[in-house]
Amino acid sequence: MAITVAQLAQQLGGQVVGEADSLIDGVATLAHALPGQLSFLANAKYQHQLAETRAGAVLVRESEAASCPVTAIIVNDPYLSYAKAVAYLYPEHRESGAIHPRATVDESASIDPSAWVGANVVVEAGARIGRGVQISPGCVIGRNVEIGVDTRLYANVSLYAEVKIGERCLLHSGAVIGSDGFGFANENGHWLKIQQIGRVIVGDDVEIGANCAIDSGAIGDTIIEEGVKLDNLIQIAHNVRIGAHTAIAGHSAVAGSSVIGKHCAIGGAVGIVGHLEICDNVTITAMSLVSKSISEPGVYSSGLPVEENREWNKRVARLGQLGKLNNRLRQLEKLKR
Amino acid sequence: MAITVAQLAQQLGGQVVGEADSLIDGVATLAHALPGQLSFLANAKYQHQLAETRAGAVLVRESEAASCPVTAIIVNDPYLSYAKAVAYLYPEHRESGAIHPRATVDESASIDPSAWVGANVVVEAGARIGRGVQISPGCVIGRNVEIGVDTRLYANVSLYAEVKIGERCLLHSGAVIGSDGFGFANENGHWLKIQQIGRVIVGDDVEIGANCAIDSGAIGDTIIEEGVKLDNLIQIAHNVRIGAHTAIAGHSAVAGSSVIGKHCAIGGAVGIVGHLEICDNVTITAMSLVSKSISEPGVYSSGLPVEENREWNKRVARLGQLGKLNNRLRQLEKLKR
Amino acid sequence: MAITVAQLAQQLGGQVVGEADSLIDGVATLAHALPGQLSFLANAKYQHQLAETRAGAVLVRESEAASCPVTAIIVNDPYLSYAKAVAYLYPEHRESGAIHPRATVDESASIDPSAWVGANVVVEAGARIGRGVQISPGCVIGRNVEIGVDTRLYANVSLYAEVKIGERCLLHSGAVIGSDGFGFANENGHWLKIQQIGRVIVGDDVEIGANCAIDSGAIGDTIIEEGVKLDNLIQIAHNVRIGAHTAIAGHSAVAGSSVIGKHCAIGGAVGIVGHLEICDNVTITAMSLVSKSISEPGVYSSGLPVEENREWNKRVARLGQLGKLNNRLRQLEKLKR
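Residue numbers (our numbering), protein chains in the order written: chain A, 1261 to 1597; chain B, 1261 to 1597; chain C, 1261 to 1597.
Where hints are given, some of them may not hold.
Any copy, or any two copies together, can satisfy a pair, since identical chains are not distinguished.
[To be verified] Simulated crosslink set (DSBU-like; lysine-lysine; CA at most 30 angstroms straight-line):
(1) Lys-1453 / Lys-1305
(2) Lys-1584 / Lys-1594
(3) Lys-1453 / Lys-1522
(4) Lys-1552 / Lys-1305
Quick caveat, the hints were computed from the structure, so don't treat them as lab data.
No experiment lies behind these values; they were computed from the predicted model shown.
Excised from the complex, chain A in its bound form (with noise of 0.2 angstroms):
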């Protein structure tokens, strides 16, 4: 694809300062673009990159459009209009509707004529799948599952039986959406399973990244709300509820029933356990574990950053002599009476 600066402009809602008719035909770093390149300055951080660059136009605001040596593109927020610019640039890669003649569709499954099912894929009984949607090699979509308008999904994906997906999705390589929550009854030291009985019901445009898990519900649903995003690695347990537009970032575990509110902000490898609420517009930075419910939005931490090893087995030493030292406080305090 290649556009005029001033197209670009038009199509993002910017202002051209510089050769609105040069044409742009990829995006590139500031550091790296050349010229037919755009590229974009988002964070403040990269500010000294501009002065520097080669880049065919450059999305700034309009405080840094004196700043920019080359042709700017005045934007309100460079970083959404690179993301608009980009799209439009890079037209994703999609099949034309077809069945491959070595997927395995059964009779009962409905396939509207414009999806794509590639190679491998099975489609087991009762299945509908949509209008445009691309299903890549090596998919196993269950029983019964529902995969809505234009959604997406990368090779090797398994989606249980009963499960059902929202349109316009996009879910990565080796996620498995509907296998059994983890639910157990003891019986003299013995674990006797729980029939999971309920679903995954994923709403429009969720992102789930690649080999992520998320579990049907015990009873009732896993429910993922429109707009979430799930970066990959992320285990999501039975009757979690993940509210619309929250992110998350990867290697993150919510344990079962747990219920996080809308626009949340997750960072990696945080731990939730089960059976807590989370209020909406709480961000949680990585590897934190939440171990209570959360009813005021805010940013919430337990991360320990590393230390020189030798420091940080001090620190152990101390933290475990705490009661010790307070004994000593308590003792100077008695005689000071």
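Using the hints, position chains B and C against chain A.
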């Protein structure tokens, strides 16, 4: 499936208080159950829902029977009885014995005629698949693998050569069993691979969650004993042994050669370093790090619960100042003498 | 494979003390080895097992040769020599070059005749598969992927379009390479996807564990340099660079754009936040959180070891009271003056 309350009570060894003849055909929570559905009260937390329930019958302890507004079935352990009832009311979907024409089975493999082998399954040379086994689409069964009676593999499970799986096991999608242990010798700064020549041996009645990874032993085997339950995304390194009836929650990792006892309960996202021994009946709470052997049954923890971020940063800083604080205290103590 | 002790010693550059003519056909631990099997003593922890061993020969350092009750092969580094011996005695199983009739290969893909492409493998347009490559069943090789000489993919690996894999790499089952980086711009509370247009470039001699997920770069590439070893279930985010010969243990996660040096050793379940630089020769111990750049080689930690739960809860409470404790100390110090 439908069954009278009386029949259900008889199967569970319970006693009916109320309408013994009404029909039950499903289960639901106390809050959502309708007439015709069974519910249960196991957790005191939900006791307030009992008064309002519209369930057809409720599994309760004797002490709760009087507060039950609908038909009660008195049992010793309502959760355990629920497990049995739901298994009866929702019989698992099983395919009848057949090898799908799109399965690829080596001629030297032996597959019991009652086993089901789905589309796109690959069974390599010398594998032995037992009676009633269910292998969902996309699974790959390596050379000489053995799978015991009535075990079920969900879609896209990968079993490396020589893995042995017991009877009545459940392996969820994306699970990988028998990948190489992580072993390297260092030769002038380069890592030289140690061929991993051991196997993975999985006992009877084991459940392995979605996207788990269990490595082969380096020399000798990695062993998962009978009745072990592994949640999703768990890493079990080479030569680990997990004792019978131990349950491990999602996202935990056990490093090489560690031995975990029987009847342990390991919380989510726990890390257990290598070459340790953990005795029987140990509970580890979520996000703890086990870096020494544990020889006494009990509950162990090292997870830190989140605080509001500003407060948390202060705590981290204060932890770093404990050395100074101790010195100041010592100074005062000296003056005292 | 069988070989005399003398031949083995010659291959390893070692010196035989004892029976040079006896045959060795396998390896085992000191405790379990039988005559005919090779063992080794690398870790002083196992020294007491040397006296009792029945091994056919033992790889030892010169200082241990006298204590060896059976034939010894004296070498400089017994573990390294073991690595070489086991590779010789247990040659890897490799399939001979062929494309399985149930593989689906795009006509524009190029596959070296010596490569093996297993059943249900899909090779998309423009992919190039090098000499001796082994691709196990169920792998999906995206458009324009390149795979270098003698690399092996185990079952059910997914490579997204444009990924480049070097020579002699090992990719374990369930690994996903090239999934979209986690990048979104926020537009009025909704997340707008940033198309990820970079690739993943994997160098030579890299091992990638089961169910790892390595994301494509946003702009520019994610790079795994030569000789890197990744254990299972590791998350590598977009635009990360992992330096040559760095090893990362299972369940670790590296967030976007971080650069890790060469010859680092990252423990299990470590979290490294985004946009950091870690210099060469850094060791991070298990379950640590790296939230700042590291510019000095050394060992770094922030993992907290478990304590008995009641004691742990006290420590957590005391950590929260450090502010008060400091105030009390200050009070006493004031009185002192």
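Structure-based check of all given hints:
no.	hint	result
1	Lys-1453 / Lys-1305	between (53 angstroms within a copy, 22 angstroms between copies)
2	Lys-1584 / Lys-1594	both (15 angstroms within a copy, 17 angstroms between copies)
3	Lys-1453 / Lys-1522	between (32 angstroms within a copy, 18 angstroms between copies)
4	Lys-1552 / Lys-1305	between (36 angstroms within a copy, 16 angstroms between copies)
Consistency note: the structure conflicts with none of the earlier hints.
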